[in-house]
Structure formats: structure tokens, C-alpha cells
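**Q** Take a look at the letters that make up each chain.
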Amino acid sequence: MAISLRDWAVRFGEASDRDATIGAMARYFTCKYLWDMGAAKVIVEMVDGKVYRINTDPQPLDAYDFALRASPATWREFARPMPEPMYHGIWAASFRRDLKIEGNILVMMQNLRNFTVQFELLRKVGVPV
Amino acid sequence: MAKHSPVIGRYVTIDVDGHEYKVFYLRNGQGQPIVCQHTAGCHNHQWRGLLEDEEITRDYDVIAYDLARHGKSDPPHNREWWKEEYLLTADHYMKFIVTLCDALELKNPIFMGSSFGGNVALQLALHYPDRFRAVIPVEAAEHAPGFFLDWWRHPHANAAQVCASGVWDLMAPQSPEMDRWLTWHYYTQGAEVFKGDLYFYSVDHDLRGQLGNIDTKRCPVIMMTGTYDYLTPPEATENTARQIPGGIYIEMEDIGHFPMSENYPLFAVYLKEALRIIEDRT
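Going line by line, the protein sequences match chains E and X. Residue numbers for the first sequence follow this note's numbering, beginning at 1 and rising by one. Residue numbers for the second sequence follow this note's numbering, beginning at 130 and rising by one.
Read the hints as simulated data drawn from the structure, not as lab findings. Be aware that one or more of the hints could be misleading.
In the SDA-like style, the derived pairs of lysine to any residue whose C-alpha atoms are separated by at most 20 Å in a straight line are [to be verified]: (1) E:Lys32 - E:Arg80; (2) E:Lys41 - E:Tyr64; (3) E:Lys41 - E:Met82; (4) E:Lys32 - X:Ala286; (5) E:Lys41 - E:Pro60; (6) E:Lys124 - E:Pro60; (7) E:Lys32 - X:Glu149; (8) E:Lys41 - E:Gly23; (9) E:Lys32 - E:Arg18; (10) X:Lys224 - X:Asp146; (11) E:Lys100 - X:Leu278; (12) E:Lys50 - E:Asp17; (13) E:Lys100 - X:Pro258; (14) X:Lys224 - X:Asp333; (15) E:Lys50 - E:Pro85; (16) E:Lys124 - X:Gln339; (17) X:Lys212 - X:Asp188; (18) E:Lys124 - X:Lys401; (19) E:Lys100 - X:Trp280; (20) X:Lys346 - X:Arg260; (21) E:Lys32 - E:Ala9; (22) X:Lys201 - X:Asp279; (23) E:Lys100 - X:Asp333; (24) E:Lys100 - X:Asp279; (25) E:Lys124 - X:Gln303; (26) X:Lys401 - X:Gln372; (27) X:Lys346 - X:Glu306; (28) X:Lys151 - X:Tyr140; (29) X:Lys401 - X:Arg262; (30) X:Lys201 - X:Glu149; (31) E:Lys100 - E:Val47; (32) E:Lys32 - X:His285.
Part of the chain E face toward chain X, derived, beta carbon under 8 Å [said to hold, decoys possible]: (33) Phe66; (34) Pro83; (35) Leu121.
Glycine included, each C-beta is placed from N, C-alpha and C at the ideal position.
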């Protein structure tokens, strides 16, 4: 059974804030992104390497810089402790599976080191779908 | 007592199409030469595991060079290279390799390269079959579109981090964390050439319809690809090998696009099998 959205947000925020790899280069890791998992959507707002806010009920006009959109099944694959090939990262899944990367991709590229590390925290935290 | 590696580094100056290149290479071993090409936007340190593998260097003379503009090999000293956009072509790339082999007076070397080094290995098998005892294209395919991207050197982003983290999930999650971060570290050092390398990889390299002309009796081709490579997935390499008469494909489990630097001990298992096949066939 999937973790509740509210519990997921707390766990993800804590995992990110105490992650040493992000902490080692946290300054200026500031951006706002949407993860669209189908049944669940979240907007994560990062400020200087810390999770400032996680919006678990995004409304149509809530703003963000960029978005990752994929089916719930794909997000569940991302969250396996050892993902199968082609589900092991955002580049892999966007080239070979149903992940779509949308919005201002420049902002994602500007924060790519830490965003990549943060995405892989799903392997420890799980997903709410 | 200081711990010294047996690997020695040297420079050799060569001329390729009028470009004067001072080429840096690392070397260790004896016997059959193996010439090793790093991946795009990287340098010869990717082969550090192979260069110090005593089981290999007992019988093989391992030479890992930095392609011009990479690592310690400068851009051409006799041209105002900063006034031209760097776009690597198949023709120039092959001439560089053959000229370097001549300069080092290598007899019948085996050529091995990964990614854009794997793709040029296929080109060498087609165009210079009598210059090499065999080629080992790693993570290669007849055609590899999709990676000639402006993001690699976009002035509004940290290009070093974009290149390094942009190739992060070309590696398998099973590979040791230290080796994946070392590979990441190498990739922070080649941002200015990565896109130009990928002009060859994704644009100029296109052997569709020509693989049947590769003569594996003159130059055996042993292709190897990791299951976590999303850029050249196993099916792309297998499809390429199938079109080469006598071509061989080895699938590498639980490894990615940089097998020699992300998990050398695992890569070595497959490499030794490839070398055994070459010994049997040549």
C-alpha cells in the first residue's frame, strides 16, 4: 500500500534536508518543481538547498519552474531500492520510458546536480502512488 | 615507502590533417598492444582500472590516450582553435587514431573504445580493417542520435555540472558509489568539448546500411554493452552486431555506459572473454 501524500511529504522533506551530498553543495539550490504522478501531484519548493515547502494539493494556477510527468507505474519503478534498467534516472526514463520533462528546463539544468541526487531519494522514501 | 603505480605517462606530437597535436598517453604492460579511447567529454583516466590490472598487463601493452582537446592533450598548437566551433568528424577522428598508432610504432594493435570511442571502433573496422588485429566497440551502435544538445555548454547553466550529472544515470545503480562519483568528477572537466564530441557521436557517425561491408575476417568485431545504458541500449548494439557478418555481441549485466570506470572489476570479466575470443580467432 502506498504511503499517504502527507506522510510522504514529511519523509521526503526530512530525507532531503539531512542528505549530506545535497548539503555539500546546497547554496543556490533554489527552484520550484512539480512531480506529476497521476493520482498524486506535488510542488516542491527549494530554497538554498532546503525544502521550504511541499504543496500536496496543487491548484491549476499554482506556479512552478519545471515538471516531471509519468504514469504511477513508472513512479513506482523509480522508487524501487534498485530500479530496473531505464527506470534508474530522469534521463533514462525520458529517453526510453513515459517520463516527460516540461517547463523551464534551463532551471532544471541549473540545479541538475542536486536535483538528480534528490530524485534518487525516492529509492529510500518511496512514492505516494 | 611511497606507493608508485607502474603506469607511465608520456607525450608524443603528431600531425593530423595539418593540425599539430601534442598527445598525452598512459601506458603499462607488455605484449599485444591494446589502444584505448575514453568516452566523449572525458579523458584517459577512465581506464585506470585496466591500466593497473596485472592479469591483463602481463600479456597486453595497454595504451590509453587523451584525444586532442581532452585531459592533458591540448587543442592544436598551430591553429587559432578558439575562433572555430569544435565539431569532431569521423574522418578526422579515425586519422588521429591511425596516426597515433603509427607514431607509437604499434604492430597490429587491438582498438577498444567506449561510447563515441565504441562508435569510432566500428568506423575503423569498416575503413581501416588491416590496421587493427581486432576492435572492441563498447556501448556502441550503428547510429546514436539524440545527444548533440546545446545544454552541454549553455552559458546560463553550470556546464561542468550539467555534463557530469547529465550522464549520471548512464551508469548502473549497482556500480560502486565511489567509482560513479569519480566518473562524475572526470565529467566536470570536459564540458567545452563534450558537445563537439557528440557531433561525431550523434550526427556524423551513421553506419546504417554499411555494416554488411565490415570484413570480420580481416578485423574481428566484438561488441559489448551494459544493460543500464539508455543511450545505446542493449538491443541497439545487438541489432548492430547482427548486421555485421561474423560480428559478436556480449551483453554486460548490471553495468552502464562507462563500464571501465564505473565498475572495472565487473567490466574486466567481460573484457577477458572478448580478448579470449580474439586470441581464438586471430
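**Q** Please go over all the hints and tell whether each is borne out by the structure.
**A** How the hints compare with the structure:
{"no.": "1", "hint": "E:Lys32 - E:Arg80", "verdict": "violated, 25 Å"}
{"no.": "2", "hint": "E:Lys41 - E:Tyr64", "verdict": "holds, 12 Å"}
{"no.": "3", "hint": "E:Lys41 - E:Met82", "verdict": "violated, 23 Å"}
{"no.": "4", "hint": "E:Lys32 - X:Ala286", "verdict": "holds, 16 Å"}
{"no.": "5", "hint": "E:Lys41 - E:Pro60", "verdict": "holds, 11 Å"}
{"no.": "6", "hint": "E:Lys124 - E:Pro60", "verdict": "violated, 30 Å"}
{"no.": "7", "hint": "E:Lys32 - X:Glu149", "verdict": "violated, 48 Å"}
{"no.": "8", "hint": "E:Lys41 - E:Gly23", "verdict": "violated, 26 Å"}
{"no.": "9", "hint": "E:Lys32 - E:Arg18", "verdict": "holds, 19 Å"}
{"no.": "10", "hint": "X:Lys224 - X:Asp146", "verdict": "holds, 8 Å"}
{"no.": "11", "hint": "E:Lys100 - X:Leu278", "verdict": "holds, 17 Å"}
{"no.": "12", "hint": "E:Lys50 - E:Asp17", "verdict": "holds, 5 Å"}
{"no.": "13", "hint": "E:Lys100 - X:Pro258", "verdict": "violated, 42 Å"}
{"no.": "14", "hint": "X:Lys224 - X:Asp333", "verdict": "holds, 15 Å"}
{"no.": "15", "hint": "E:Lys50 - E:Pro85", "verdict": "violated, 30 Å"}
{"no.": "16", "hint": "E:Lys124 - X:Gln339", "verdict": "violated, 47 Å"}
{"no.": "17", "hint": "X:Lys212 - X:Asp188", "verdict": "violated, 45 Å"}
{"no.": "18", "hint": "E:Lys124 - X:Lys401", "verdict": "violated, 36 Å"}
{"no.": "19", "hint": "E:Lys100 - X:Trp280", "verdict": "holds, 17 Å"}
{"no.": "20", "hint": "X:Lys346 - X:Arg260", "verdict": "holds, 13 Å"}
{"no.": "21", "hint": "E:Lys32 - E:Ala9", "verdict": "holds, 15 Å"}
{"no.": "22", "hint": "X:Lys201 - X:Asp279", "verdict": "violated, 25 Å"}
{"no.": "23", "hint": "E:Lys100 - X:Asp333", "verdict": "violated, 28 Å"}
{"no.": "24", "hint": "E:Lys100 - X:Asp279", "verdict": "holds, 19 Å"}
{"no.": "25", "hint": "E:Lys124 - X:Gln303", "verdict": "holds, 15 Å"}
{"no.": "26", "hint": "X:Lys401 - X:Gln372", "verdict": "violated, 24 Å"}
{"no.": "27", "hint": "X:Lys346 - X:Glu306", "verdict": "violated, 41 Å"}
{"no.": "28", "hint": "X:Lys151 - X:Tyr140", "verdict": "holds, 6 Å"}
{"no.": "29", "hint": "X:Lys401 - X:Arg262", "verdict": "holds, 16 Å"}
{"no.": "30", "hint": "X:Lys201 - X:Glu149", "verdict": "holds, 14 Å"}
{"no.": "31", "hint": "E:Lys100 - E:Val47", "verdict": "violated, 24 Å"}
{"no.": "32", "hint": "E:Lys32 - X:His285", "verdict": "holds, 18 Å"}
{"no.": "33", "hint": "Phe66", "verdict": "violated, 13 Å"}
{"no.": "34", "hint": "Pro83", "verdict": "holds, 6 Å"}
{"no.": "35", "hint": "Leu121", "verdict": "violated, 13 Å"}
Against the hints set out earlier in the document, violations occur for numbers 1, 3, 6, 7, 8, 13, 15, 16, 17, 18, 22, 23, 26, 27, 31, 33 and 35.
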